[in-house]
Amino acid sequence: MEPLITFKNVSRSYYKNKKLLVGIDKINFKVYPRQILSILGPSGCGKTTILRLICSILEPTKGEILYQNKNISYARKKGLIGLVPQEPTLLPNRTVEDNISLPLEIKKIKDKKAVYQLINFVGLKGFEKFYPHQLSGGMKQRVSIARALVYEPEILLMDEPFASLDEIIRENLNLELINIQCRLKQTIVFVTHNIEEAVFISDRIIVMSTRPGKIIGEIQVDLPKERSQEIRSSQDFFQVVKQIRQLLGKNYD
Amino acid sequence: MTKKIILSILIFFVLLIVWQIVEDQINVQRLEKDQTALEAFIPTPLTILKSFGNDWQNIVRELSHTLRKAGLGFAIGVVFAVLIASIFIFIPFIRNLIFPLAFAINSFPIIGFAPAIVLIFGQGSFISIVFISALICYFPTLISMDTAFRETDKNLLELMEVLNANKWQTLFKVRLPLAMPYLFLSMKLAIPAAIIGATIGEWLGARNGIGQLITIALYQLKPGLLYASLISITIVSSLSIIILLIIQNLLFPWKRGANNEKR
Chain A
2 MEPLITFKNV SRSYYKNKKL LVGIDKINFK VYPRQILSIL GPSGCGKTTI LRLICSILEP
62 TKGEILYQNK NISYARKKGL IGLVPQEPTL LPNRTVEDNI SLPLEIKKIK DKKAVYQLIN
122 FVGLKGFEKF YPHQLSGGMK QRVSIARALV YEPEILLMDE PFASLDEIIR ENLNLELINI
182 QCRLKQTIVF VTHNIEEAVF ISDRIIVMST RPGKIIGEIQ VDLPKERSQE IRSSQDFFQV
242 VKQIRQLLGK NYD
Chain B
5 MTKKIILSIL IFFVLLIVWQ IVEDQINVQR LEKDQTALEA FIPTPLTILK SFGNDWQNIV
65 RELSHTLRKA GLGFAIGVVF AVLIASIFIF IPFIRNLIFP LAFAINSFPI IGFAPAIVLI
125 FGQGSFISIV FISALICYFP TLISMDTAFR ETDKNLLELM EVLNANKWQT LFKVRLPLAM
185 PYLFLSMKLA IPAAIIGATI GEWLGARNGI GQLITIALYQ LKPGLLYASL ISITIVSSLS
245 IIILLIIQNL LFPWKRGANN EKR
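As they're listed, the protein sequences go chains A and B. Mapped onto the working numbering, the consecutive letters of the first sequence carry residue numbers 2 to 254. Mapped onto the working numbering, the consecutive letters of the second sequence carry residue numbers 5 to 267.
Just to be clear, a hint being listed does not mean it is correct.
Claimed, not checked - Under 8 angstroms between C-beta atoms, here's a sample of chain B residues computed to sit facing chain A:
#	residue
1	T6
2	F107
3	N110
4	I124
5	D157
6	V166
7	V178
Stated by the list, open to error - Chain A residues, not near chain B, derived (Cβ > 10 angstroms throughout):
#	residue
8	D167
9	R171
10	E197
11	L249
Because the hints were derived from the structure by calculation, they are not lab data. The structure displayed is predicted, hence computed values, not measured ones. From the three backbone atoms N, C-alpha and C, an ideal C-beta is built for every residue, glycine too.
Please model the complete structure; the sequences and the hints are all you need to start from.
Have a look at this one:
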């Protein structure tokens with residue numbers, strides 16, 4: 002399979018209090034189309050930096066990032082990237098439907114059919130006219146996901162999207178995300194610090210260590226593509242979780 | 005809630021009655037000794053009410069003159085503040101150049117410069133009074149809009165960047181809507197300031213306006229009219245704030261709800 006995104010020896014350093022710090026160091030990985038790739042690691046390992054690099058909000062200090070065989074900035078310019086930020090960051094003055102149609106307005110797309118399809122899709126039917134302050138945390142995050150999907154980007158970047166939600170809602174949204182991906186076939190790069198979450202949703206997991214951010218392992222998750230909550234208590238699931246724990250443990254002194 | 009309101013209205017009236025009785029007593033004693041009674045300087049509530057009765061047409065007419073000037077000044081000040089704050093976003097270089105100066109000017113008592121402004125634009129002229137009002141509204145609004153724009157949610161700005169939004173789209177769809185609570189807060193502070201500014205401008209010699217009426221009342225020793233004018237300014241200022249609140253709630257129903265949710 003041809004990779005969609007390729008990181009080649011990518012480093013990113015930055016200045017903090019006039020000291021040069023290495024955020025991520027010589028990162029190499031590939032993102033394959035129509036897969037869910039998780040980037041897993043402790044806080045401060047540069048997970049979010051990687052997403053920002055894919056969005057071309059940041060530029061690598063060294064190395065290069067390719068979209069197919071073009072520079073990564075091509076992907077953003079062509080509107081191939083959707084972003085789900087850590088917090089839902091909805092506009093408080095817009096209703097659910099208006100929040101979701103924001104990207105269409107910016108791209109000057111008149112046809113709003115996709116908005117209502119997605120509202121159905123993420124289970125917000127009946128809440129079209131609600132304002133963000135009338136929604137629960139989980140619902141807000143669904144709106145945020147719908148907003149990222151509304152212009153059908155090829156790549157969906159998710160930055161710890163469920164981190165601020167409670168465990169029960171998180172597990173349900175994990176499953177919904179998988180179902181959405183099964184139908185829409187997006188390529189998803191999912192950043193998280195939750196091991197179970199990463200194992201549950203991913204086809205592949207990249208495990209990172211902190212300071213400087215380095216990849217310490219790549220794990221193929223061979224659980225069945227059709228997932229249900231039962232998988233969480235299966236032997237195979239625990240096996241992968243254990244494998245990651247060992248990997249992370251080795252890198253902590 | 006309504007109990008509290010009734011109670012405070014009751015206390016207000018009790019105070020008025022006490023004022024009336026106490027001053028009546030003092031005035032009776034004074035009148036025995038001397039013809040220049042205290043009433044010449046502090047009117048009783050009844051005198052004020054009587055002045056309202058006699059002069060309400062004057063008061064309303066002059067007030068409407070003042071409000072026209074204050075309102076225009078307010079509008080100019082606020083519109084310019086929003087425009088300049090937006091320009092700061094587009095061209096940060098200009099912000100670096102101008103903002104420290106604006107911040108410094110904001111700490112000046114602009115009212116104190118009213119005579120200088122009157123000197124430039126002409127004593128009592130329409131423009132000078134509009135200008136004073138505009139200036140008073142301009143700097144605080146500029147500073148609060150600048151703060152609002154700079155505190156726009158970074159995640160949303162990043163999202164707009166990923167969507168390839170241009171600066172205009174970011175301004176109109178994200179920055180301005182998110183700045184609205186700040187704008188209304190500063191407008192609520194600016195509108196009484198604009199009215200006071202206009203009044204003071206008129207003190208310095210104007211052909212009309214409530215400020216001129218106050219000067220006349222002062223020099224003709226009509227404390228009833230003086231107090232009536234001051235009270236009418238207070239009422240109009242409060243009303244304008246209430247109108248702004250109503251507009252805010254009509255335009256931004258989400259603001260009310262968001263407040264309830266947070267606190």
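Here's how the hints hold up against the structure:
no., hint, in the structure
1, T6, "violated (27 angstroms)"
2, F107, "violated (26 angstroms)"
3, N110, "violated (28 angstroms)"
4, I124, "violated (41 angstroms)"
5, D157, "holds (6 angstroms)"
6, V166, "holds (5 angstroms)"
7, V178, "holds (7 angstroms)"
8, D167, "holds (18 angstroms)"
9, R171, "holds (19 angstroms)"
10, E197, "holds (25 angstroms)"
11, L249, "holds (28 angstroms)"
Going down the numbered hints, you'll see the structure goes against 1, 2, 3, 4, while the others check out.
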